[in-house]
Structures are given as structure tokens and as C-alpha cells.
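Protein chains: 2
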Amino acid sequence: MKEYLKHHEWQIIEEGLDPHYNKISESVFSIGNGRMGQRANFEEEYSGETLRGSYVAGVYYPDKTRVGWWKNGYPEYFAKVLNAPNWIGIHVSIDNQKLDLAKCKVEDFKRVLDMRTGLLSRSFAATLGDGKKVRVESKRFCSMAHGEVGAIRYAITPLNFSAKGLLSIYVDADVVNKDSNYDEKFWEEVYKDASEGRAVVTAQTKKTNFHVTTGMRYHIETDGKKANADRINTELREKFAGNVIQVALQEGKETVVYKYAAILSSENHPKDQLVTAANKVLDEAFHKGFDALFDEHAKVWQHKWEESDITIEGDIAAQQGIRFNIFQLMQTYTGEDERLNIGPKGFTGEKYGGSTYWDTEAYCLPFYLSTAEPKVARNLLVYRYKHLGKAIENAKKLGFKDGAAFYPFVTMNGEECHNEWEITFEEIHRTSAMAYAIRDYIEYTGDKNYFTEYGLEVLIGIARYWSQRVNWSAEKSKYVILGVTGPNEYENNVNNNWYTNYLGAWTLRFAQQAVDYVKNNNLNRYNEIVSKTSFREKEETDRWKEIVEKMYYPVDEKRNIILQQDGFMDKEILRVSELKKEDRPLNQKWSWDRILRSCFIKQADVLQGIYLFEDDFDIETIRRNYDFYEPLTVHESSLSPCVHVILASKLGYKSSAYELYLRTARLDLDDYNNDTEEGCHITSMAGTWMSVVKGFGGMRVRDGKLHFNPFIPDQWKSYSFRIEFRGRVLKIKVSKDGVETKLESGEPLVIDVKGEDVQLRK
Amino acid sequence: MKEYLKHHEWQIIEEGLDPHYNKISESVFSIGNGRMGQRANFEEEYSGETLRGSYVAGVYYPDKTRVGWWKNGYPEYFAKVLNAPNWIGIHVSIDNQKLDLAKCKVEDFKRVLDMRTGLLSRSFAATLGDGKKVRVESKRFCSMAHGEVGAIRYAITPLNFSAKGLLSIYVDADVVNKDSNYDEKFWEEVYKDASEGRAVVTAQTKKTNFHVTTGMRYHIETDGKKANADRINTELREKFAGNVIQVALQEGKETVVYKYAAILSSENHPKDQLVTAANKVLDEAFHKGFDALFDEHAKVWQHKWEESDITIEGDIAAQQGIRFNIFQLMQTYTGEDERLNIGPKGFTGEKYGGSTYWDTEAYCLPFYLSTAEPKVARNLLVYRYKHLGKAIENAKKLGFKDGAAFYPFVTMNGEECHNEWEITFEEIHRTSAMAYAIRDYIEYTGDKNYFTEYGLEVLIGIARYWSQRVNWSAEKSKYVILGVTGPNEYENNVNNNWYTNYLGAWTLRFAQQAVDYVKNNNLNRYNEIVSKTSFREKEETDRWKEIVEKMYYPVDEKRNIILQQDGFMDKEILRVSELKKEDRPLNQKWSWDRILRSCFIKQADVLQGIYLFEDDFDIETIRRNYDFYEPLTVHESSLSPCVHVILASKLGYKSSAYELYLRTARLDLDDYNNDTEEGCHITSMAGTWMSVVKGFGGMRVRDGKLHFNPFIPDQWKSYSFRIEFRGRVLKIKVSKDGVETKLESGEPLVIDVKGEDVQLRK
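These protein sequences, in sequence, are chains A and B. Heads up: the first sequence at position 571 corresponds to 571 in our numbering, and the numbers run straight through without jumps. Heads up: the second sequence at position 201 corresponds to 201 in our numbering, and the numbers run straight through without jumps.
I should point out that these hints are in silico values taken from the structure, not numbers from a laboratory. Certain hints may be false.
[Stated by the list, open to error] Only pairs whose alpha carbons sit at most 25 Å apart, straight line, appear in this in silico BS3-like list of lysine-lysine: (1) B:K178 to A:K351; (2) A:K581 to B:K71; (3) B:K396 to A:K589; (4) B:K545 to B:K580; (5) B:K185 to A:K64; (6) A:K401 to B:K580; (7) A:K396 to B:K397; (8) A:K178 to B:K71; (9) A:K476 to B:K396; (10) B:K476 to A:K401; (11) A:K351 to A:K71; (12) B:K71 to A:K580; (13) A:K581 to B:K396; (14) B:K396 to B:K532; (15) A:K390 to B:K178; (16) B:K71 to A:K351; (17) A:K71 to B:K71; (18) B:K71 to A:K589; (19) B:K178 to A:K64; (20) A:K478 to B:K476; (21) B:K558 to A:K589; (22) B:K558 to A:K478; (23) B:K550 to A:K558; (24) A:K71 to B:K476; (25) B:K71 to A:K64; (26) A:K476 to B:K538; (27) B:K754 to A:K558; (28) A:K71 to B:K64; (29) B:K351 to A:K64.
[To be verified] A few chain A positions that, by computed beta-carbon distances, are all more than 12 Å from chain B: (30) K2; (31) G68; (32) W70; (33) K375; (34) G389; (35) G414; (36) E475.
Here a beta-carbon is modelled for each residue, glycine too, at the ideal position from N, C-alpha and C.
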């Protein structure tokens, strides 16, 4: 844990440059706009420790997997989010001395991320080898208003000299992925061009053949007036295009480079029109100018905050933490493009590759449902609908048939691209996370038409998977599900993981509901789906019912609790509090077999199930299970604590809820797990939001009605959050004195606050 | 399955060169002498498909492992048997045309392995591009009498021309391992020298720094007289030394190259004396000459066959098969060097790396016990004794303490070098295979002193492992063993694998016996061991007893059988006969999860336990378990059928026993599994031997007495085998008419044949 960042309500602030923290800051100060993102690398050269990273949504590379012992059924490739061409580069040299913060004396270094406006600023004074001292201020943003535009204002002021400055302003596709399995470069040049004031490079990815065009225009001002360059050379190298400009830097006078970048991908433009389109984007940005572009950008952020802000009074660190989580989620996914999704590191790093895990459905969806228009969450569902064909292929590869759909554990295009048998093949509950997301969406929005349009097809596929995946145990006279890994990945290849069995059977019931709904409401569409999916309604739903009726659920009768899986009570039951400090985290200290045979739980498993199907259990059942499982849970997944916060809040375990909350809220800001340099934990940030809104705020939707049952942690004066719900924006404020509810926009509605109806109108 | 090899009692014969079979033949026709081995590669150049392989016992390289998802506790390296310097090379070119069987017309190709004398011969007529036709006959052997000597007789006869021939005769350390993880070369040059008639190269392995010196001398004769070379050039390149000789080849006259090679390793010589020693070995071999060397070599083989031959009358294919198995075992391990062991591919290929698996103790030991002097088997045990320190380190890495010993799954030097958590960490029964081997050895030889000298220390270490590895199940009020993989590797991470639990508890009882024996027979040595191992006798053996008393064994009460592991009966119980042909072999057709949740068994598991502890079970228990488990077993390990043969024989299931036997006897000769090109299945060959002797022959040792209970498969006229037993050599011959027993050497003894005492004397 590190605490080098300053606390501030709206800003992330780093003062002083500590090279050891640079890669952490590069992650934390990342900016993005849902279409692209950029780590907080320096514009100028930097020979110190850095992880250069620029990312374009949807552009990936299927890197050949590296695996020790190949198992039949493994995919050949692991899809990686690509490090995309560099658009931020502005190299500076003064009298043949490069400006490189690893090699000069740096004073007054400050890096600020303004979350309210999505602006990254950096300033410092650097003394070069010969004593020349220069002040630099840079600002940049990825435009939220124009998804293909990035803009930089880079200002240089000589403090004790006048001299010739050489500026290299460029775009560069000669970039590498640090996580490349075979040290390969993934980009090839297609086109490049540079002329005075502009440059463009089109590069294509190997194998996947995505084209990305990265272009730039710039202008230079001194003291607010166009600067006259002494000389301008164009520079063209393999995958690289730029200008080298010689300018006169005058003591005390600010020379400013305004650099406008266009980042366009063949996902959004025909390949042969990419360059033309990029030039158009560039010209518009250039003529608009930095300030006007920034105003447009800031307005979008203003709107986003109006939809989604959470305020916390009395605890600036907590306020900063929750806003940082919301900020990152907002800039990772805007919901405008149904082909995109939420990678575990968003645009802040390469780690984990792939773009999509079940994290999206299980953790992120509720955030977008409540903080944006319904389209945003809906597009996340449609993303999976579009991958249905691939999910059916994935299932086929594992021996399933007749349209059974097995959604991938990690994917870019719907195809499984993860290679670890105990996860890839066995962590099967994820396929039903897609079903649960449909329920979540419909329950929240009331948009049952989603069943008709997309949902039913997906549900039939998933239901077919389960109906083939169970087997009849003659021993138990029940249907069982053997050889799975549950959400708790510290158990592998277990039999009858309760969460998996419960979710599987629930999916069959839910699919039946969808069948009934569509059949009763749109028979034509129903018949269309029956024909498209070769659905044999009677035969298939009879089997679903049979499985639902006879599904086996492991229980511990003595303790009257749910059993995580068969045989769990054969373990030595210890408590996390009995572990020695040097044993933690288990996954870095214990060998895998020791973890597996221990009772310790990586992340909520039975409790995850109870959280998802809360209304199926009475409060005492929830309490018994929570009291049993929470002390065994090490929360070594960032996705775990939020579920426990929500249940602890429900059970009135206030201090426990707050304590668990703290683990997630500043996870990256304080680099709790010593891994933020690889990127921020984006998907778990939605869990932090849930901890406040569903945990402390007690928000639920039941039968179309919003419920709140809030409490306030002792450490806070008040907190408030905004919720979008069926065309309204509500604000809920919780203080020591009570709960204030306010309808900020939309039609009147009745909500339930602590068991009582409250009528809201504007 | 392929059947291109001719049937013959003593020889393996290939007629005609089919390039598709060349790599298979290279494996099958391999020769070795326990110190080194050589695949049946051609002496001359060959540009067709080939796997060049030469191996020196004990010389390995720790190749950096390649693994997809690293687990804490994995070893960094995987020890590989190295492809060692090439000593066979004789390149031939005639009028600038290379002799390369992939590029000329080949007639009368014949490859013969004479198993009686360990001689590889090859002959062919080749027509070069310009029509020149030449006949070549080559013979070679790895001397069984002089472990560091290889000899080649390579004869060339022009059939339709006279011309200048250019012969390149060399040794070459510039070789690669096909299974290198990062395409690295593992050898570096230390020294090389060439002069007229001789050449030598010393190379060292990276990281492990083994030095291997490979030298050669040669002479050339035409028509039985020393040939005069027109020109001799020495040739020296990186890691390569040789001579290039120009000789006049005369139509119809045979020119013969006699090449003598010396292969010496720093395992047996000081590094600085390797070259001197190699030259001495070379000179001796050279002066002895090919024929005299061969006579000495053949005599050793004659003696080996006298000890170990099995004859089968009435079935030449079976006769050839069993002799091939014995031949390979004999040339893989001679028992002369306690630092060596038996790799799964012996000296016939690279696959699997490492040198030592539990195969040695579980499958190979009985063969060497019965077919060689006791020292040979004893050295296999001492090998593990010498690795005890490493086994204790291996255990420590996985969280065990106080001298617990966990023997590796794969090793070269005692250190674990395998990376697959479900095997490396969880297939724990292998550590007790070491204990069982001690029992096997003592039971067979009567040498109880082994306890005192080595056994007890090893047994204390292994017992300590088990006493820490079990845990108390409050649920069952029993000790349980969680998270293991049994011998049946088609189950991973299961709880209470019966075989593992049984073997674990047995080990504790056996360790107690060892403690008692040594304490009662050699108190001084006992005290020495107590002090060396910090053995707290009372406390530790009390715990052993407690565990033995309260060990949990899964059973199926309904069927009155042993349960392979907890939960096994939840599976859908099918029979192998219900599988479709296209589903086999499962490990190539089904994804891993499907295999895991199926009932199908890769290799004997419960039955392996019953086989090892046969006398603990009454015949009806054995029958019930066999009848249940055999139909579920796919035998996708070559180590599986032999156990079933032995039990089926005992149960009187004659045709079933014979059928299972057939799967192993010609496994490599007929390339059953399509994988012989990677090397022969050496360790499972011992299982084939067991099938005959312990299966059909029904041989057992009980309380120091030999028992036989033979039957003869309907397909055979008779079979016979020889057994070494406590200083005697016995011959047992079984025919339709009955059993003949004969004492060939040694003191009189009483044996039990079909329940009756038979007095044997010479």
C-alpha cells in the first residue's frame, strides 16, 4: 500500500516525480473516452521505467498461446488488447540536449487528473546538463465529444536562457506489447505521409488485419502568437511519420505546441477511406482549436457527473476514491457501441488481455443501468447476443450439441481465448451470467420486449447447455453437475458447486419464463425463433422442468447452511484471522494444492449466489451463511468484497460493511495489491459503486419499484448518489439525520424507503 | 497400428525404405548399453524425416519451462535428457554427389536389429543421380562390455562404376533437442582436435556444465586390406571435428570404414582428464578391432538372455514382442551405476524429458529383481535414497516441514521438474511408490538389512509427509486426504482417492515395521538415524498409529466395492464398450473437462491398489472390484493393462487376460498408439514382462517362498521364463501338458506350484 497521491475531492494529484511510482501513476492518471484510451505517459522522451500504452477499443491480436501441457479443446490463441500507435509524442531537445526527465534535475513536478473534466495536466521545471532550466506545462484529453480526437497543449518556457529548440512531433506505429508471448511486433505499416504541419500513419494488425490510422496536426505559438519556425523537416521512418521543427525559445516566453490527433479504426471506417476520414477529423479539430474542443469535452463530462456522481461528506479520501472509480468506469465504456465491452484493465494496461469477462454482466451492468440511459446497459446485452453463434461453436468444441451455448470466459469476438482447463472448461457458471444480466436489465428497466427481440434466443442456447451439462446421479436420485470451478477459484474441479447448480437451475426456469412471455406476446416472433433455433418446445422445456425439480443442492444439515460444494466440510475449517501475516496473500505464498485443499475462499461463492437471488432466502438463512462463509474468505479477488458489503449492510453488520468497503474504494489510488502499475482494476470499480448504492444505500428493484434501506457509516457525515430509473433521475442523500430523496427529473413516482412508500415529484 | 516389420524370433526386420516409417524405425531399432544409446539414424546424410538422437545417461539440461499460467510452487525448470554429440556420422559423396537416401533410388533396403547380440545392421543399394549404383552394408553396436565404446562397420561397394569417393568421418556436438522450449542449443564447445585418423570434441552443457568428450578413430579397408587414401584433410568447425578422406572406389570391391567411437562424460571422469581418457578408450578399441569388440559385446548379451529370456512357442509375433521388451529394458538399465535410472523413453527418444518417474518403482523394479542380480534392483532403491535430501526440499517448497519427504513426479537429480499442478502437486501417491519398492525388494531378496542401511531414513521422511498431508474431517470423524490425483489421471483434484489413502496408511504401518526392525537389530545404527533425522519416535509413531486406525476409505456399500474416490458414483456409469470408435482415444477426442466428469478410467487405480496389496483382499472382493472397474478402464496409459492382466489371470479370466496382454506386447513394434516415432515406451515394457511372469505365470513371493500358479493362453503351445531368486536361476516352462520347473543354478529350494510344494535341485 502506498499513499503518495494527495487527497482532493475532484482531482488526483501527484507532487514530485518518484521514478518508482511512475508506472503506477501512468495507470492511475490514464484518460480515455470509451473509443480509445491512453496511459499517462510523458509526451517527451523518457528513458526511465515506463509502460507505454495507447489503446483503441475493439482492436486486438490473437497471440499464439504459451502453455506447458496442452489439453484437448484449448483455443490456439489468446486475444490481446493491442498497444496501439503513439499519438502523444512530442520530443524536445535544446542545444542538442534531449529533454528526458530520467536524465535531468526535475523540480515542481506535478501531475493532476481533473476528474470533473477528464483533463490530464502535468507541469515541472527541468534543469538540463548544461544548466539550462525550462518549465513545461502540458494538458491533454481524449475527447468525450469526438471519440476519435485527442488533443494536447504542450508549453515550454525557458527560465534562464534563450536558445534554439528542436521539437519532434509525430505519430508512431512501431510499438510493442509488453505481454507478447514471443516478443513479436503486432503491427505492420500500410501507409504513411508527412508534410509541413501534419503527419499520418496507417498500420494494420497481423492476422486480424485491423487498420488503424493515426494522424496529427499541430500549430505552435509563442506568447499567444503563431511562432515562426526556423526550419521544418518532415520525418518518415518505418511505421513513423512526423515533423522536426526548429524554433527559437526565448527566455521567459512561453512556446506552446497544440497537437491534435485523430485515431480512426477500420471498425468504424472503410479501410480505403481511413486516411481521408482522418484528415477530415484532424482539420475539424485543428480549426476548432484546443479550447473549444475542451469545452465540448468538458460538457459531456458535466452531463455524466450529473447522472452518476456520488458525494461523500466528511471523508475526502473516500470522496476521491469513489469518484475515481466512477470516472474510470465512465471513460472505459460509454455504451454507444454495442460491439464494445469492458476489459478488466479498461484502457489503463495490457494485463489479462481479452476484452470481456463475466465481470461485465456480474459486476458492471448494475452500474451502467443506474447511471446512464437504458441503451448503455442494453448494448452490453446485445454484445453477447451478437456472440451467440460463437458461444454455440464454443460449446460444440467441448462436445455439446443442438445449439447449446457456452459463453467464453475471456473473449474479444465471442470465441473463447483462455487456456486453463480448470477455468476455461470448468468455470461454467459464467455462461449463465449472461442470462442473469438479461433478468437484471429487464427488472431494472421494465423493458420486457428485450426477451422478444434478443433475450429468448440467448436463453434457449444457455438453457440447452445446462440441460446437457447436468447428469443424473443414480446414487443421489438427483441431477448433479460434476467437475466445475465456482466463482471461488480457490477450488477447482469440484462436484456440485452450489452456486453453479443454483444458477443452472434458475436459468432453466428463467428461460421458461422467456418462452412463455414471447409466445404470449408475439407469436409471430416466437415462431420465428422456434424455427431459427430448431426449438422443440415441449420436449426441451419438459426436460428443463424435470431438471429444475430434481436438481441437487448440497447443504450442511448440522449447521443448517448451504454447502459450497460436495465434501466442503471434510476440510479443516479455519478462519482467515488465524492465518499468519506471512501467509498472505495465499496465492503468492502457498502452492496451489495447499490453497485448493484449504477452506479459504478467494471470492464470494455461496454468498454471491445469495446476493444474486436474495429474495429466495429469509434473513436468518442469509445470516447463517454469511456468518459461516465470511470468516473463511480472503477476498484475493478485487471482485469479492462488494458482495460481502451488500450482504453485511443488509444484515446490519455496519462496521464490517465499512471495513470491507475500504478494501475496494482506493484499491488503485493507494496501490493496495502492488499491481496498479499493470493497470487499474476497472471491473471491480463497479463493485465499489455497488457497495455504496446497493450496500450502504440498500437500493433494490422489486416488481418494478425502487427500494432503499440506507445506513451511514459512522465515519461519514453524509453521502448522496444519483440514480437513473425508468426516465427519472433521483438523488438520494443519506446523513446522520435521515434520508432525503429527490426527483431531479422525470415523471412522479413512488419509491420505498425503509419499508415506507415515498411519493416523489419534481 | 502398423504392421510393416517382419515377424522373427530373434530379430526385428524392416524390408524396403518407407520414409513415413523412418522415425518409427529409428525408435524401434535403437541400440544402447545402459551408459548411452543411439536411435537408428543413418550414418550418412539424410534429408528426409528423421529425429536424430544420441543420449548419454545422466547428462541433462534444465530447460526453462513454458507454462501458460504460473502457479506458486512450480519449479522453474524442466530437466531434459539431452540429445548428445553425434558419433555415428559417416558422410559419403561420389563424384560430388552426396549419398542421401531421401534423394536417390533405393533398392533392397533392409534394417535388422539382432536382439540376441545387440547388433544393428542395415543394407541397401542406392542409385545416384548419374546412374552410379552403390551397395552399402553397415553394422553397429553400443558395446555392452565397454560402456563408453560404440563401433561401426560401414561397407561401400560400387556396383557399376569406379570413382573417387569422399568420406567425411566425424564427431559433432552441434546438435539440438527437438523439444527445446525456446529453440536454444544446449551445448557449448570446450575443446576439439582432429588429426589424420582421429578426431575428438569436448562439449559442455549450459547451466549444468556436464562435459562430454566424443572421440573417434577409424581405418579403411578395401578387399580386406588397408586402403590407401589419396588425400586426407582434417576438418574442424564449431563443435565439430573430423577427417575428409578421398579414396578410390573400385567396381565390385568392398571398401569398409571401421569407425570406433568413445563417449565419455564428466560423470565418470575428471573434466581435465576427459580427452586423455577418451583417447585411451579409442586406442584400445582400435587395436582390439571390430570383430573382437563385437565378440565381447555379444557375450554380455548372451549372459543377459540366459538370465532373462522368455520363450513362447506357437506364436512368433508374441515371441518377438516379448523379446523386444526384454531387449529394450536390458539396454536401458544395467544396474551398474546407482546414479542412473530408467527414463520413460530410455535412449530411444526425447519425449517426457526427465529421467525418472514412479514408473521405475511401480513397474520396472519387479523385472530387474527377477532377471538380474539383486544389486541391480538395489541400485534403483539407492538412487532414491541419495535423493532423500531433495525430496525433503521438494516437500518444504509445498509447505511441509520437519523432514517430510515428497519424492518428485519427474526428476533428474531429485528435484521436482514437472509443471502441472494436478500432477506435480497432487499426484502424491508417487512418494509412497518409493516405500513400496523397498518392501518389494526386501520381500523378494530377503535383504532386510536394507532397512538398516538406507530404508528407514527414507521411510521416516515419507511417513512424515503423510502424517502432515492428511487432515482430520470433523464431518467424517476420520482422517481424510483431500485434493489429490490418483494413478487414474483422468480424475484431478479429487478427495479421498482410495488408492492414495490406502497407500498412505500402509506407508505409515510399513515405516513402523522398519523402525521396529532397525531398533531391534542394530540399536547403534537406529540411534544414529534418530539423531540424523531428529526422529521423535514416541510422538511420531503415535500419530502414525492414530492415522492408520482412523483413516477413511471410500466404499460403495450397495455394490460392496471399493470406491475410487468420494463422489465417484455420482457419475453416469457407462462402459467402455458403449463408447463410439470416433471417441477414442478420449484424450485426443474429448476436452479435458469431459474426460474428468466421465466415469472412464485412464489406468488401473483401485485395481492397482488391489494388485499391490493383493493379500489384503479375498478373491471375491477382488472379483467384484475387477468386474466393476475393468469395463470402465480405457487403458490410455501403456502402464495400465499389465495390472489388469495380472488380476484377470488370478481370477481365471483367461481370454480377457490374453486380450489385455496383446495391447502391450507389441505396442511399439506395431506402433499401436501412433507415437513410437517419439521413442519406445520403455517403462511399460516391464509391465509386459510382468504380464507374462506374474500374470500368466502367476508368480508371487510370500514369506520368502516362490509361488507359481500358471495358465497358458489358448493361442500358445508353450512359454517359459527364467527367474533369478536368492542366488538361484529357475526356469519355468508352461505348456498345454503342464508346468515344468527346473533349477538351473544355485542351492536347492522348495517352491509352490499351484498350491503344492515342489522340491527343486540341480
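Going down the list of hints, with the structure as the test:
Of the pairs offered as hints, the one joining B:K178 and A:K351 is violated, with about 31 Å between alpha carbons and a cut-off of 25 Å exceeded. Annotation: proposed proximity of A:K581 to B:K71 holds, straight-line Cα distance about 20 Å (limit 25 Å). For the proposed pair B:K396 and A:K589, the alpha carbon gap of about 12 Å is at most 25 Å, so the pair holds. Annotation: proposed proximity of B:K545 to B:K580 is violated, straight-line Cα distance about 48 Å (limit 25 Å).
Proximity of B:K185 to A:K64 is assessed by CA-CA distance (about 23 Å); at most 25 Å being required, the pair is judged to hold. This hinted pair checks out: A:K401 and B:K580 have alpha carbons roughly 16 Å apart, not beyond 25 Å. With a CA separation close to 40 Å, the supplied pair A:K396 and B:K397 exceeds the 25 Å bound. Taking the CA atoms of A:K178 and B:K71, the gap is near 21 Å; set against the 25 Å cutoff, the hint holds.
At roughly 40 Å between alpha-carbon atoms, A:K476 and B:K396 are farther apart than 25 Å, so this suggested pair is violated. For the proposed pair B:K476 and A:K401, the alpha carbon gap of about 40 Å is over 25 Å, so the pair is violated. Restraint check for A:K351 and A:K71: the C-alpha separation of about 23 Å stays at or below 25 Å, so the hint holds. At most 25 Å may separate the alpha-carbon atoms for a hinted pair to count; B:K71 and A:K580 meet this at roughly 21 Å.
Only pairs whose Cα atoms come within 25 Å are accepted, and A:K581 paired with B:K396 is accepted, the gap being roughly 19 Å. The suggested pairing of B:K396 with B:K532 holds, with an alpha-carbon distance near 18 Å, which does not exceed 25 Å. This hinted pair does not check out: A:K390 and B:K178 have alpha carbons roughly 36 Å apart, beyond 25 Å. Between B:K71 and A:K351 the CA atoms are separated by roughly 17 Å; this keeps the pair inside 25 Å, and the hint holds.
Under the criterion of a C-alpha separation no larger than 25 Å, the hint pairing A:K71 with B:K71 is consistent with the structure, at around 17 Å. At most 25 Å may separate the alpha-carbon atoms for a hinted pair to count; B:K71 and A:K589 meet this at roughly 10 Å. Proposed proximity of B:K178 and A:K64 is supported: the alpha carbons are some 19 Å apart, at most 25 Å. With a C-alpha separation of about 23 Å, the suggested pairing of A:K478 with B:K476 holds against the 25 Å cut-off.
Between B:K558 and A:K589, the direct Cα distance comes to roughly 43 Å. Violation of the 25 Å bound is thereby established for this hinted pair. The hinted pair formed by B:K558 and A:K478 meets the criterion: a straight-line CA distance of about 17 Å does not exceed 25 Å. Straight-line distance between C-alpha atoms of B:K550 and A:K558 comes to about 22 Å, which keeps the hinted pair within the 25 Å bound. Our distance criterion of 25 Å between C-alpha atoms is broken by A:K71 and B:K476, whose separation comes to about 35 Å.
For the suggested pair B:K71 and A:K64, the alpha carbons sit about 20 Å apart, so the restraint of at most 25 Å is met. Restraint check for A:K476 and B:K538: not satisfied, since their Cα atoms lie roughly 44 Å apart, outside the 25 Å limit. For the proposed pair B:K754 and A:K558, the alpha carbon gap of about 55 Å is over 25 Å, so the pair is violated. Of the pairs offered as hints, the one joining A:K71 and B:K64 holds, with about 20 Å between alpha carbons and a cut-off of 25 Å not exceeded.
At most 25 Å may separate the alpha-carbon atoms for a hinted pair to count; B:K351 and A:K64 meet this at roughly 22 Å. Chain B leaves A:K2 outside its interface by the beta-carbon criterion, the shortest separation being 24 Å against a cut-off of 12 Å. With a closest Cβ-Cβ approach of about 4 Å to chain B, A:G68 is found to fall inside the 12 Å limit, against its non-interface label. Annotated as non-interface, A:W70 brings its C-beta within 12 Å of a C-beta of chain B; the closest such distance is 10 Å.
A cut-off of 12 Å between C-beta atoms confirms that A:K375 is not in contact with chain B; the least separation is 37 Å. Under the 12 Å C-beta cut-off, the non-interface status given to A:G389 relative to chain B holds; the minimum distance is some 19 Å. The beta carbon of A:G414 sits about 18 Å from the closest Cβ of chain B, which is more than 12 Å, so the claim that it is off the interface holds. A cut-off of 12 Å between C-beta atoms contradicts the statement that A:E475 is not in contact with chain B; the least separation is 4 Å.
When held up to the earlier numbered hints, the structure conflicts with 1, 4, 7, 9, 10, 15, 21, 24, 26, 27, 31, 32, 36 and fits the remainder.
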